[in-house]
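Given the coordinates of chain Z, work out where chains W and P should sit on it, guided by the hints.
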Amino acid sequence: MSGIELVRLADVRVVRDRQTILDIPALTIAPGELLTVIGANGAGKSTLLRVLALVLAPTAGQVFFDGVRANPGSTDDASLLALRRRVTMVFQSPVLLARTVRDNVAAGLQFRKLPRTEVEAQVDYWLDRLGIAELANRRPLGLSGGETQRVALARALVLKPDLLLLDEPTANLDAPTRARLLGDLRGILAEVAASAVLVTHEVREAPYFADRMIVMGGGRIRQQGRPDVVIDNPADRETASFLGFDNILPATLLEPAAYLGAELADKSFCIRPEDVAAAPLAALPAAARDGSIRFAATVARIAPWGPAFRVSGPLERAPSVIMSGTAPAAVVRDGLVREGAGIAFEFNPAAGAFVGQS
Amino acid sequence: MELIWQGVIEGFRLIFSLDPEVLRVTGLTLQVSGTATLIAVIVGIPLGTWLGVSRFRGRGTLVTMVNVGMGLPPVVAGLLVSILLWRNGPLGVLRLLYTPSAMVIAQGLIASPLVIGLTRSAVESLDPSIREQLRSLGASRGQMLWAMLNECRIGLLAAVIAGFGGVISEVGASAMVGGNITGHTRVLTTAIMLEVSKGNFGLAIALSTVLLTLAYVATALLTNLQQKGTRR
Amino acid sequence: MYLGWGCGLLASWRKTGLGKAIGTTLLLAVLVGALSGCELPWAKVNKEVIMATTTSTRDSGLLDVLIPAFEAKSDFIIKSVAVGTGQALEMGIKGEADVLLVHAPSSERPLVEDGTAISRRMVMHNDFVIVGPPADPAAVKETASAVEALQAIAAGEDVFISRGDESGTHKMEKSLWTTAELTPSGNKWYQEAGLGMGDTLAIASEKEGYTLTDRATYLARKSTLELEIVSEGDPVLLNLYHVMEVSSKKFPKVNAKGAKAWSDWLLGAEAQAIIAAFGVDKYGEPLFFADGGKTEAIYAPK
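Chains as they are written, first to last, in my numbering: chain Z, 1 to 358; chain W, 359 to 590; chain P, 591 to 892.
Since the hints were derived computationally from the structure, they do not count as laboratory data.
C-beta: ideal position from N, C-alpha, C; glycine also.
It is possible that some hints are incorrect.
What follows is a set of in silico ranges between Cβ atoms, one per label pair, in the way DEER data are often shown [claimed, not checked]:
| hint | chain 1 | residue 1 | chain 2 | residue 2 | range |
| --- | --- | --- | --- | --- | --- |
| 1 | Z | Tyr-125 | W | Gly-429 | 28 to 38 Å |
| 2 | W | Gly-541 | P | Glu-796 | 29 to 39 Å |
| 3 | W | Leu-579 | Z | Ala-30 | 53 to 63 Å |
Bound conformation, chain Z alone (with noise of 0.2 Å):
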């Protein structure tokens, strides 16, 4: 490896069917970096990971992998082929083939003809560090969703990638398989060294899992940054939108508070539902907590969400704006906030984000 980059993406664009689906500009990932890429469906997510593959070739612009240019289709194809075993990808629905789950997590190393003592070594070690070793001969069908994934996982690592790719490998998991494979997988990036780029439909899984956050939209990159930081400070308002904060209010709604110095007439204010209290505004006291702002509105819909409910309904003093906050279930079973009934929004401004305008 060389230099402080692996990988570097230069005025890729990706267009199928006339429409450009993928539009990044600049892209790089340095060497053991950790990245995940979240975005709604079509943004583009899974046509970048098929460019940093080097499976697809971008119609235009160029790839550089460890400072080598590799386009598919314009670099001859052995010194792609070279590349290309440098760059493993995990599906979200992994093929295996119809062998041996140890002839499945061998396959890679067989086709860069690797002696079968050293192919047999990687295998064993790998069906173990992924807890699969008593699954090794038997056959894909029959196994569970995440048993599958480990497979992949194991097939993938055992090439010692420097470039490590995962399309929404947990997509298809519930919750404790799902939590259960990120927290091995954590463990065994750091173990490997390799730069991996993680894409996921899970927000909350990035910070405990990547160094860097990218947001895409539209086959762009809409903002990228530390995980932390960018969830909690989204750089528009579809991202906003995306990252959950449903509530998108003109900031010029907060004024007059003294503490929001910043010129706020063109901006948005975004905030997540679960940091507002929707409450039954004779349960409250006259005046706002210290520091919270507090609206009237009328209820529209009431929906459950999870132990609580999610309320929501057009502001008394601007009908045109639609507020969501949570309310505690005793307050809905018991009727104090129904459909039509009114209501007070409180939040902490701090708990929200100024968005810009996009």
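Leaving out everything else, chains W and P in the frame of chain Z:
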């Protein structure tokens, strides 16, 4: 029923007594049909694989043509080959008419669409993302295709069995281009037809028994190959 | 050989792309098919003689004796292709056969007249007979000639099976109907089988009907049939066999030497003796009568 039973017994007697004429006819049957199947496999599996993985305009038409070819009446194939190989025909200079080679060509023409079509079907029914996933494991183009063929080996062997079955049982084209000439181009099927037309039903049934035994043994071997490694 | 081929195929596939590889394979496949049976055919002097003859001639079994006897004495190999008379003559007309052995004189003569066939010589004859069910509902046994027999069958509307395939037998049958001034086709009792003589006899036996057949095929099949000879001996029923060589002037590709060698041998003493003796040990009477050196004029109806 008596006739059939006697014929069957006579058939086994012919097999075990190694009757020279029967041996010769059986040997030629195997040689011709075996070669034809081999040619169909060598030509058909690559073609079928290519047809299964590629996408281009006109592919649908090609697939339809292959499918129609699978149902091609063997006598039509025989007629086509005859016309080509006639002395005064385009390939007449090869002097192949009424030789086993002509029969191999005709049977090859019959078996090939079967192998192509069934291979295409087997390859197409693979999970579409398998190519990408094999590539991402670092497979070269050749390794990827080989692994894919391995994945659908059950379908591929079905293609071979179908091709072989189609030609070992074929009589119309073989008679037409071979002439059913004693000692030169008589195979089991044409021999059966001859004996029936001569009224020797017993011998015809006996030869049928030999043919069925031959077909059974060959197909059983192929089926064994197909089912190997699919123990679950 | 195929292994090296397969490797070559894979190699060429990767280098030059699929299209060329497929083309190469097809070419190689055709060549392999061509070579799998014999040595390069155009490298040798042509020893094969293709004889077009009829299915009834083949079925009589005579050729199974004649051909090996000839091949024992000659370098040539006779490939006997047995088809219907019409097809056999057509093969001669197209130059696809080297020599013809058929028995339909009226159809053979045009071939000699237009130069397609040369050296037409009579080899042997057998005769036709009319066979029918033992019960003989049309009382054919009481008729005096073949024509009268057919008239009786038509009058009684008894089942009659015709070859219907322009074979020598069929042409003989048609000429008899013409002489009898009858047109049987279209009637329910007149059925055209479109099959060889053996199969036609089987049908006639099954349906308890009448048919015209050559004596040889009938004798060979007698044990499996429930038919008897009901009319025989009429001179018009004679079936004359001629051998003709296809003209190499008209068709240069014809194996003229081989055709002549075979034809000459057929007319020679050894072949004629075989013909005269054929069938005696099996049926007690010969199936054919040797006619080498004679002409058909001697059998013209008076």
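For each hint, the structure was consulted:
1. Tyr-125/Z x Gly-429/W: 28 to 38 Å: Since Tyr-125/Z and Gly-429/W have Cβ atoms about 54 Å apart, the given range 28 to 38 Å is violated.
2. Gly-541/W x Glu-796/P: 29 to 39 Å: The hint (29 to 39 Å, Cβ to Cβ) holds, given that Gly-541/W and Glu-796/P are roughly 33 Å apart.
3. Leu-579/W x Ala-30/Z: 53 to 63 Å: 58 Å, holds
In summary, the one numbered hint that this structure violates is 1.
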